[in-house]
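Colleague: Okay, here's what each chain looks like letter by letter:
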Amino acid sequence: MLKIAFTLLFIFSTSSFAADLSTYQDFGEKPGLTKVVDDLMVNLLANEKTRPFFEKADQVHIKEKLVEQFCVQIDGPCTYTGQTMKKAHKGHDIDTSEFYALVEALQESMNKNKIPQRAQNKLLAKLAPMHKDIINK
Amino acid sequence: MIKFSLLFIFLTLSNAFAIDTSGKLLLTGGVSQIEGAAGGGLTPWAFIGGYGTKDQIAANAFYTNVNITDYRLETFGALIGILDRAEISVAKQTFDTEDVGRLLGLGSGFKIRQNIFGLKVKIIGDGVLDQDSWLPQISFGAQYKKNLMGEVVKSLKATEDHGLDTYLTATKIILSQSILVNATLRRTKANQLGILGFGGDGNDKYKYEMEGSLAYLICRNLAVGFEFRSKPDNLKVAREQNWSDAFLAWAPTKNISITTAYTTLGNIALKDDQKGFYNSIQIGF
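Here the protein sequences line up with chains A and B, keeping their order. So this note's numbering is basically just the index in the first sequence, starting at one, shifted up by 242. So this note's numbering is basically just the index in the second sequence, starting at one, shifted up by 385.
Honestly, the hints are just simulated from the structure, not real lab data. Any given hint might turn out to be false.
Capping the alpha-carbon separation at 25 Å, the derived lysine to aspartate or glutamate pairs in DMTMM-like fashion look like this [unchecked claim]:
{"no.": "1", "chain 1": "A", "residue 1": "Lys-328", "chain 2": "B", "residue 2": "Asp-517"}
{"no.": "2", "chain 1": "A", "residue 1": "Lys-291", "chain 2": "B", "residue 2": "Asp-440"}
{"no.": "3", "chain 1": "A", "residue 1": "Lys-328", "chain 2": "A", "residue 2": "Glu-290"}
Partner residues are not named here, just some residues of chain B that face chain A (Cβ under 7 Å, in silico) [said to hold, decoys possible]:
{"no.": "4", "residue": "Thr-438"}
{"no.": "5", "residue": "Leu-560"}
{"no.": "6", "residue": "Ser-563"}
Simulated restraints on C-beta separations [stated by the list, open to error]:
{"no.": "7", "chain 1": "B", "residue 1": "Pro-637", "chain 2": "A", "residue 2": "Lys-379", "range": "49 to 57 Å"}
{"no.": "8", "chain 1": "B", "residue 1": "Thr-479", "chain 2": "A", "residue 2": "Tyr-322", "range": "25 to 33 Å"}
{"no.": "9", "chain 1": "B", "residue 1": "Leu-520", "chain 2": "A", "residue 2": "Lys-298", "range": "49 to 57 Å"}
{"no.": "10", "chain 1": "A", "residue 1": "Arg-360", "chain 2": "B", "residue 2": "Ile-643", "range": "19 to 27 Å"}
All residues carry an ideal CB built from backbone N, CA and C; glycine is no exception.
Take the sequences, apply the hints, and build the full model.
Modeller: Right, dumping it as structure tokens:
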């Protein structure tokens, strides 16, 4: 009985302390994330709802920061060096349907890159609460 | 037949215009629940129907056919979602007693009809976006039901031909686990949704009933799950039991969703162990 308890304790302690890289690996690590973000930008520029926000922006810079941000959100070994979400979206009138259009563009890109559904939803779960700092209309 | 041609026209129109309602994400407007509210198949969800965001108005229409062992229930309805805050719905139900109608002394194939007017208002929370909080989306709703066969249901010892269901519903998508959880508390005295009237010789008081849905989001346009709905038991002559179903909901595009379920509805007016397929189509505008 005590043995089982110790074994369980061991399993719990290792699982909570060791960094869980499984979602990051599901995304194909840095190269996989880069492809997802590249395709995301293609989708954003193709959609008339999101295009105005990105067509004149520094796309290379945005993509670089998005890769960092997504990597951090899925517990990958990265550091986000970009602005806060609030600061980055200040001055842009973004409404709820435009926010969702971006989410859909990301879902399409993840589907195209065959990211497993559970890994997709783990990233979306981290990004969704940012609506408070992004939707400002 | 007319019903099906109407449905066909809807489908053709919505395809022809390829309406981009955009707004919310697929399936997050729910499908049409059996009484017309946005929800699962049996129970309302806290989500406001349609794909409209807080800046948009959205509408949809649905047709549901529940074909169980000894009966058939058809429901037609529509709803409007306003600014992702309120939802107004109407539904028209036709309950075909098939051969049992004769046993009930109503005649074979006798149909009982009922109209339902629904209202739902979101109180707090965003069950989709607020993934950093455990707070679900919570809505309050009401369904006014008027049975058009008052004398028939009163002959079965129902007290009234109309009633007002009120409910509090909480819904949350837990995206990191790809699941949706819903719980609804309903105050009602409806017998079999109201198809057998309201209140009766067994019990004539409003009672609280529990309803729930649990769904797994297989991918962004496909969900599988099950539902439960507890029921009052007011009529001495017609025992009423809890309902449950297992469902598959699919949204091939933003303006169409199709739900198939296998329902077990227990005893319904003289007949035990009623079960069968529930099929529903919803078209958004």
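Colleague: Each hint: holds or not?
Modeller: Hint check results:
1. Lys-328/A / Asp-517/B: Cα-Cα ~17 Å, so holds.
2. Lys-291/A / Asp-440/B: 15 Å, holds
3. Lys-328/A / Glu-290/A: Distance of about 23 Å is within 25 Å: holds.
4. Thr-438: 4 Å, holds
5. Leu-560: Result: holds, 4 Å to nearest chain A Cβ.
6. Ser-563: 5 Å, holds
7. Pro-637/B / Lys-379/A: 49 to 57 Å: The hinted range 49 to 57 Å is violated for Pro-637/B and Lys-379/A, with Cβ atoms some 31 Å apart.
8. Thr-479/B / Tyr-322/A: 25 to 33 Å: For Tyr-322/A against Thr-479/B, whose Cβ atoms are near 58 Å apart, the range 25 to 33 Å is violated.
9. Leu-520/B / Lys-298/A: 49 to 57 Å: Violated, at about 38 Å.
10. Arg-360/A / Ile-643/B: 19 to 27 Å: Given a distance of about 24 Å, which is inside 19 to 27 Å, the answer is holds.
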